[in-house]
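Participant: Chain by chain, the residues:
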Amino acid sequence: MNKEMNEPMTSLAIEPERYELTAAAPYHFDLDRREFFKFLGAGMLVISVLKTSAATQESGAARQWRGDSLPKEIDAWLHIGENGKVTVYTGKVEVGQNIRTSLTQAVAEELHVQISSIELVMGDTQLTPFDMGTFGSRTTPTMNLQLRKVASAARDALIGLAAAQWKSDPQRLVASDGEVRDPQTKRSVEYAALIKGQQLTQTLPVEDPLAPASSWTVAGRSTPKIDGRDFVTGKHRYPSDQTQPDMLYGKILRPASFGATLVSLDTQKAAQPGVTVVHDGDFVGVAAATTELANSAIAAMHAEWKSEPQPASKELFDYLRKNTVEGKDPTGDGDHYQVGTVDQAMTAADHRLRQTYTVSYIAHVPLEPRAALAKWDGDNLTVWTGTQRPFGVRGQLAEAFRIPEDHIRVLMPDTGSAYGGKHTGETAIEAARLARAAKRPVKVVWTREEEFTWAYFRPAGVIDVESGVRGDGTLTAWEFHNYNSGSAGIRTYYDVPNQRIAFHATRSPLRQGSYRALAATANHFARESHMDELAHTLKMDPFEFRLKNLKEERLRAVFQAAAKQFGWGKNKSAGQGFGMGGGYEKLGYIATFAEVNVDKSGDVKVVRVVSAFDCGAVVNPDNLRNQIEGSNIQGLGGALFEAIQFQDGRILNAKLSAYRVPRFSDAPTLETVLLDRKDVPSVGAGECPMVGLAPAIANAIFDATGQRLRSLPLVPNGLKTS
Amino acid sequence: MANIHLAINAKSYTVDVSPETSLLTVLREHLDLTGSKYGCGEGQCGACTVLIDGKAQRSCITRVGTVAQREITTIDGLANGEHLHPLQEAFLEVGALQCGYCTSGMIMSAAALLRKNPSPQRTEIIDFMDGNVCRCGTYLRIVEAIQKAAQSSGRSNLAKGAAR
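Line order of the protein sequences matches chains E and W. Residues 1 to 722 in our numbering are what the first sequence spells out, letter by letter. Residues 1 to 164 in our numbering are what the second sequence spells out, letter by letter.
The shape of chain W in the complex, shown without the other chains:
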């Protein structure tokens, strides 16, 4: 066991766990951040996806010791207060969920994609998202939601004159 310092959703946490513990376990069991989901435990379904320094990572196969002091974003901290992330808005607008259990992982993966590539082609979306499973089968809606979010982010960035 060791004290590990974590920066999650712009907050600092210290947890006393083995560095080998999975980040997902730490998030869910130790910090009660339950937005990230367990689906497979082997990085195959993407339900546990979080951002580490802006990149999508499967928290179920990420040892917590490897992400100390790095910038971790989970679905619980993606919205800016009451102001939803464009992907969250788009998922609601398109109805890109049924049971919603995959949704946090889907949104976090897509957030990483849009950071890297603000206006992805359809095939790029499918390639990037292929590691995320939606057992309810809402894939086409999720693609549509990501496209919609990309467009609306593009618009708001243009409006703000934001440069990347």
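Bound conformation, chain E alone:
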């Protein structure tokens, strides 16, 4: 047994740039109603598991953040019905990363049942165990492992039942394809028959060895998306597709600018028949039988707002540098790391290089905007909403309406993507507030403009890097300061004896929060660009320079694999450029090589991208490739042209015709090399593959043109040829 397989490498450090998780409540309502209802639970055979402390950190009932140790608890995880149907309960949610499929595979593998007999109930606060949220590439290293343990425990319990029935040695019995068999007597019994008429609740300590990756038969193979048919036929109901009888459509009156306060409001003209108008504190909204009627009611309101002066995107980077709030990091002290004697090493270095890199605010642009449908039944509230944190949203609802959490059920239908952007519950609260006033179910679906304006952005940032290197290419000193963008991926994996690395929280002109890969994108962009600049300073090959300063074996391996696939060192033609970037993030290792073509007009086209990725034992190769490809395509936007423009507390490009996202014609050829490490635990893949792309492109543009671009996005208006 590989010990590592049973020990998830999970620490619960929450990165500072997840600002939305610690933000103040979006609305405060004047309400005070409390009556207590209990939802009913059901279950025929429940196999519970005494979770390990690591597992409890991820799924424990406590609402503590910042890595406090959470109480151990016992929870229901897997249910086998008398008909043999397996129902698995997890608080994780599906937003396109395809964990409904990969988690089902994991259960099928351990329980030895067909995939088609398993159903996953995900992200339903009434039915699933508490889960803090689906983010940070944590599902595969934690939930996948937990469900494996639960399923293998269930399998052993079933074998135990068969052994008791047959009075035989359980060691001799095997489980396969939904049955327990005795190879000696050739007897077999279906799981369903074993548990028929029983109500068994088992609490099992997790001590069973798991199937090692090398013997996987279901996991480790490409499995098509579960329920894929519902998605290609339009049958699947996303949160914005949900309906309820007598449902109304809600609209919110948005402030004229960020932070504006309402001076006066006249809703007389909005109060048409069939329109419910709500004005409660800062919240103004309507509910009506159609979206059109709701829109016209909002348009008929007369509101006066008082706005405060606010910085504009033009002065953003100066603003961030000048507005540090040391010690005010919302999640603690940020990341301050120091080793060796940096100042002395800088002085002693043969070459020193100091550069500044910047990244803009960008928007997630989930194709499905935030949506929620809320329904009150007395003082009980049910909300269907697209969120990566159903339990977090439940907490926000409880706070907003001052009702106990057990009066609230949040359900999360598989959602039209999120990318870190759907951690908060504004839409749920808005729909619930309107529904309470209208005494009917209300659905709120944000418009694209609302999604662009009233969600949160990936933080902008300024990064100062200074380095010292010996003439032979040995890195000796490294100083790295990140202002505002975040601390994910801030540490260097290169071998430098003297380092000073710090994240500096600053005031942010815009609301900001988690975005796929967090600040790892910005930090890798700065670091890997800087490494390239150093290599050119030294007139060394950037690949050799990296390897010379890199000891981490798994990272070396991905760089080497990508270089080989890419054909690093080959000749290039005019306008062509090659570059690389890579690193370590969320327990995965990535190297990305890019080929760009820059034409005479300065138009930059990314032609080819090669990614080599190591995320341990691969669970679903085709889905993994899909995730890596998607990371590269989405990453292309932030690398090349995505940026939020703002002024006077308003977003200037809050629509798709003004905010460019990658399209078909932007997609380069993508080649993916998977280093399937069956000897190490599987980790997530939704984020890490993204972080090497931006520096690879920037370095390739330099290779093609000699122009060093140090700001993301790199070429929002093409390359300015001087």
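Source of the hints: derived by calculation from the structure; they are not laboratory data. Since the model is a prediction, treat every value here as computed from it, not as a measurement. Any given hint might turn out to be false.
Below are the DSS-like pairs computed for lysine-lysine, each with C-alpha atoms no more than 25 Å apart in a straight line [what the hints assert, rightly or not]: (1) K564/E x K605/E; (2) K600/E x K551/E; (3) K11/W x K186/E; (4) K314/E x K269/E; (5) K235/E x K55/W; (6) K600/E x K570/E; (7) K572/E x K605/E; (8) K548/E x K564/E; (9) K235/E x K148/W.
Take the given structure of chain E and dock chain W to it, following the hints.
Facilitator: Quick look at chain W alone, frame taken from chain E:
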């Protein structure tokens, strides 16, 4: 408000709405045909794409009054009963989706393309599909799925001796 007669997926509907109402709103709110998605409201993302007389059109910027009595096909009616359209089969086979929210619009746009051009070149696919956004970034898979569907339709048409 006016009674507007619509022919959607070979069924007749009458809705009492302003002719200025967007077709997408009518489909989703009035007829509960939720396969067509809202993504941008300005015809920029293609998630709401439907066929009007066989041509791809963005239903979010199509006034319902302009499509009365015309033949409207949405993703909800693309499959022939249990028998999936070759594009739907191909999207599943290739795994050309992640969250799937763009998928209906992608398939409807591609259906219009294949009607017009049963065996499009790769560059023709990219040109035609460029108005459809997949934020999860599955573009290359979608191109592959469209090529695959074109091939399989071509084969089945040959087998049937179908003439166009």
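Participant: All the hints need checking, so say for each whether the structure fits it.
Facilitator: Status of each hint after checking the structure:
1. A threshold of 25 Å between alpha carbons decides the hint, and for K564/E with K605/E the separation of about 22 Å falls inside it, so the pair holds.
2. Restraint check: the Cα-Cα separation between K600/E and K551/E comes to about 40 Å, which exceeds 25 Å; the hinted pair is violated.
3. Note on K11/W and K186/E: the hinted pairing is violated, with a Cα-Cα distance of about 57 Å set against a maximum of 25 Å.
4. Taking the CA atoms of K314/E and K269/E, the gap is near 39 Å; set against the 25 Å cutoff, the hint is violated.
5. With a C-alpha separation of about 22 Å, the suggested pairing of K235/E with K55/W holds against the 25 Å cut-off.
6. A hinted pair counts as satisfied when its Cα atoms are at most 25 Å apart, and K600/E with K570/E qualifies at roughly 23 Å.
7. For a cut-off of 25 Å, the pair hint linking K572/E to K605/E stands: about 15 Å separates their Cα positions.
8. For the proposed pair K548/E and K564/E, the alpha carbon gap of about 17 Å is at most 25 Å, so the pair holds.
9. Annotation: proposed proximity of K235/E to K148/W holds, straight-line Cα distance about 23 Å (limit 25 Å).
Violation of the numbered hints given earlier is confined to hints 2, 3 and 4; the remaining hints are satisfied by the structure.
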